[in-house]
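Undergrad: Required output: the full structure, derived from the provided sequences and hints.
If you're matching them up, the sequences are chains R and P in order.
Residue numbers for the first sequence follow UniProt numbering, so the first one is 1 and each next one is one higher.
Residue numbers for the second sequence follow UniProt numbering, so the first one is 1 and each next one is one higher.
I should point out that these hints are in silico values taken from the structure, not numbers from a laboratory.
Warning: the hint list may mix true and false statements.
[What the hints assert, rightly or not] With a Cα cut of at most 25 Å, we get these calculated DSS-like pairs of lysine-lysine:
id: 1; chain 1: R; residue 1: 282; chain 2: R; residue 2: 612
id: 2; chain 1: R; residue 1: 206; chain 2: P; residue 2: 49
id: 3; chain 1: R; residue 1: 206; chain 2: P; residue 2: 71
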Amino acid sequence: MQLFINRYKNQITLISFILIVSAFLIGGDFKNIALILATVVAGVPIALKAYQALKMKAFSIELLVTIAVIGALFIQEFVESAVVTFLFMFGDYLEGRTLEKTRSSLKELVDMAPQEATVIRNGVHETIPAEEVNQGERLIVHAGGKIPVDGEIIAGEASINEAAITGESIPVRKKMKDAVFSGTIVDSGYVELIAEKVGDDTTFAKIIELVEEAQESKSKTEKFLNKFAAIYTPGVVGLSLLVYLLTRDLHIAITFLVIACPGALVIGAPVSNVVGIGNGAKHGILIKGGEAMDNFSKVDTVVFDKTGTLTKGKPEVTDYHVFGTEDPEELFKDIARAELISEHHLGRTIVQAAKKRGLDISGDVDEGEVIKGNGIRATVDGRLFVIGNRKLMEKENIAITQEIENVAVDREKQGNTAIFVAVEGEIKAIISIADEIRDDAKEAISEMRQNGVKKIMMLTGDNEYTARLVAEKLGLDAYDAELLPEDKVEYVKRLKDEGHVVAMAGDGVNDAPAIATADIGVAMGEGGTDISMETADVVLMADQLKQFSHAFSLSKASMRNMKQNIWIAVGTVVLLLIGVLNGTVHLASGMFIHEASVLVVILNGMRLMAFKRDKKKLKNSGTLETDEVVL
Amino acid sequence: MTKAVFQLEPLTCPTCVKKIETALTNQDGVDMVKVLFNSSKVKAEFDEKVVEHGELETIIEKLGYTVKGTKVS
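TA: Structure (structure tokens):
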């Protein structure tokens, strides 16, 4: 029965409409019969739904309408009963159609999912459904094809459109050993790859799941509204009873019942969030739910990590200064071997630099220890290497002579990070590493200020000089240097205690604790590492700062949109109630306005689908930032 | 414990969520039910020995929602 009704809902609505129209066209005795028929045809599905909800102990809007319609039949207002049931069904139909539209951004994303894959099994090319690819299998993707799994390129070269993951549609060049993602499209060229993650484990599948969950998770306002509706709906029944007792006018009481339905209120808030989150997902921004959206819009203080967030995070060795008589080449080889144990990006930079110079850095390190935020200690070929920052040298009681200090400060003033290398307790070299400021950093920061962020600051584990240089170049309000991960946490906590609403943006791995502490944690995605996707409230998949400002203005726009919807909903109900009490609004016209208000809030929410950052503003400030800042 | 995801036709009323959740939770062998309103999906964790995913599908259909696809893992 219920299935039948659901399937033919549109036809039922149409029949009720035809009955109402013919009632007025033919008139006479037929009129009332047709109207009653129309009421029954459209009323039964509503009553059934009301009954089912009631069985689950839920007071639904359908229940209010059902009571009202029965009442209208009782006082023989057949026109009103027929029109109300029809309008309710028709409104339901329109809601369904428009709600589907609000979900379309996510649907577009889901539709990007790869369908089939070409695998090479025993030298034969086979085309199979994408979910049947096994881990470790070899696949081939030609130009125009979709990459069906996450994997590593083992042959070929291609430019790949990664919009499905990053929202950025400019193709990226990928070659041997590069990672490719499911859902991205080979623009030109061809690649062969080995499947590393398949099916639901791919980054793409995880994004979809996250967005789905995010759209479901309710903001505080929504939770409040839902609770409110749960008390409000039965309350309305009681109130209309009261109205009847006071006025002794059943007609007014019934009208009151219908008009006070909280329809627009219940739909209005979620719609803004769903559309807003969908818009973000399309631009490579994952916002994890209505709550995150709400908090993000209130942020007045933004804290950035420096390396990998404000800078490109691709540091290079710019200078290598050796003190004493040791062979620079041999020494560098040993340093790189020691740094093999380091997960830190500076350590990795040294290892890479050694590889680039063609040095052989194979061989085990005898003993090694990572000192978080400071550097490493390792024994290489029987010699103890202590490599890291000033603090580490102090801790290990290694003397920094004036000569060495001068070299270090000189390098730091030019924006380098100076890394001290001590062998057996004596400093033998300084390695300078520098990182470039991101091209879009300045622009993104000025956009954030325009959007109402009061304080923008930077926290870094890097040295004072480099930090000051970056902060000055970008015009930041404050910075603090030479911090450990736990210092960053303390700093964020302090800001929160001072009453600021703090967003912390970092690269997701090092900064995970601070990101988790902030009111809003923002992770630069780097193609979406698992940790950042789990701990952060907002993930920027394309690893670009301009996404940060888009996300921020989007959250503001969504919250504004939600408030508008609440005002529209509450305003309509108040106006209608006044109308009912002074006799200008009747049952049918009240129902019509009520349904219209539901549609208005949905349509208002849909405006967010097209939300973009102001393009013109972007161009103007973009031209300012032509000179590359080297640090 | 088996996990299943049922894809339904677009859900329009927020009360549907409660209906489906209650009906499935009351079924023996069902551990966890989550209805995703906006993506019109039902996620369920259940004991395949006590109840089969086909039966859960029937419950949902009986409530009046067409199940378009099922993914069991």
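Undergrad: Give a verdict on every hint.
TA: So, going through the hints one by one against the coordinates:
About 11 Å separates the Cα atoms of residue 282 (chain R) and residue 612 (chain R), which keeps this hinted pair within 25 Å; it holds. Distance hint between residue 206 (chain R) and residue 49 (chain P) is unfulfilled; the C-alpha atoms sit about 29 Å from each other, more than 25 Å. Among the hinted pairs, residue 206 (chain R) with residue 71 (chain P) is consistent with the structure: their alpha-carbon atoms are about 16 Å apart, no more than 25 Å.
Hint compliance for this structure: hint 2 alone is broken.
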